[in-house]
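Generate coordinates for the entire structure from the input sequences, incorporating the hints supplied.
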Amino acid sequence: MKVGVIGGGGGIAASLQAAGVAVVGCAAGELAPDHGVERVEAYQDFLEALDYPRRYVLDMPPGAAIDAVIDEAYQTMEPGDVVIDATASYWGDTLRRYRRMRHRSLFYQDIARLAGPDGAALVVSGDAKGLKLTADLLEAWARPDGYRPVAGAGFAHYLAMLEAAATAARRQLAGELNQLVEAYPGEVEEAAKAAFCTDLGPLDLGRAGWLLDDAVRLEAAVPLTAQALMLTVGEALEAHRSTPPPPRGAFVHPDDIL
0 MKVGVIGGGG
10 GIAASLQAAG
20 VAVVGCAAGE
30 LAPDHGVERV
40 EAYQDFLEAL
50 DYPRRYVLDM
60 PPGAAIDAVI
70 DEAYQTMEPG
80 DVVIDATASY
90 WGDTLRRYRR
100 MRHRSLFYQD
110 IARLAGPDGA
120 ALVVSGDAKG
130 LKLTADLLEA
140 WARPDGYRPV
150 AGAGFAHYLA
160 MLEAAATAAR
170 RQLAGELNQL
180 VEAYPGEVEE
190 AAKAAFCTDL
200 GPLDLGRAGW
210 LLDDAVRLEA
220 AVPLTAQALM
230 LTVGEALEAH
240 RSTPPPPRGA
250 FVHPDDIL
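Each residue of the sequence shown is one higher than the one before, counting from 0 in numbering that gives the first Met the number 0.
If you are wondering where the hints come from, they were derived from the structure by calculation, not from laboratory data.
Yeah, the Cβ is synthetic: ideal placement off N, Cα and C, and Gly gets one too.
Please note that the accuracy of each hint is not assured.
[Unchecked claim] With a straight-line cut-off of 20 Å between C-alpha atoms, the simulated SDA-like cross-links for lysine to any residue are: (1) K192 / N177; (2) K128 / E138; (3) K131 / G151; (4) K128 / P78.
[Claimed, not checked] Ranges of calculated distance between the beta carbons of each label pair, as one might list FRET restraints: (5) A114 / G248: 23 to 29 Å; (6) D198 / P222: 23 to 29 Å; (7) D44 / C196: 50 to 56 Å; (8) P52 / D254: 40 to 46 Å; (9) D70 / P222: 36 to 42 Å; (10) A119 / K192: 43 to 49 Å; (11) T75 / Q178: 54 to 60 Å; (12) R99 / Q178: 44 to 50 Å; (13) D198 / E47: 45 to 51 Å; (14) A225 / D198: 22 to 28 Å; (15) L257 / A134: 19 to 25 Å; (16) D70 / L257: 18 to 24 Å; (17) G185 / L217: 31 to 37 Å; (18) S104 / M0: 22 to 28 Å.
Given below as structure tokens:
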């Protein structure tokens, strides 16, 4: 089982190798393929390095650079090949890319690792036919029983945005509970109190910063989530830190894209 990784630096190649998947890398823009993997010098070299239907995984920062890479790389792909978007992209951008690739008879899938009660799940969304072409690869990459295919493009990246918002909300809740632990009026050593306080983790909105605009446009009322996100922004301002969300394109309703 072999897959092509376009880009590098995000740890995708090493993660796939740890799952027993052979990796062939190719630089994308200014990115360099991860060390320790077989590499090709140009996208067209994937034609011989990979078996048909070829599976490609994108390992790049979100933004317009992905579109530039896709526009160049697709010219060396054949109908039926699959591109797996493992980037932290906005789901609307993912839908636009899915449409463009579908018009070229290429499958475009988006994936996200989401936390769950039984461990992280690897969610993949895209055309049902294309999901069958990557099932063995993604099942190997996911934890046991952690593979979650969904027939519907963009949904995995959409869920990743929601999870980022949930993480921000949990962070605010943990901060309030920490204050209550510290406010206990009885005689308890400070070290004992500290042992029951939760580590709040990094102060970073990430993809959650996209949610408020989407919620308004999709007519979803999310007052508690909105408050948690604004409190996170307030914390960042007090700490003199900037936490802008990753770059994204404009919101477009799926009905106007697909």
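Query - Those earlier numbered hints the structure runs against, lowest number first - result: 8, 10, 17
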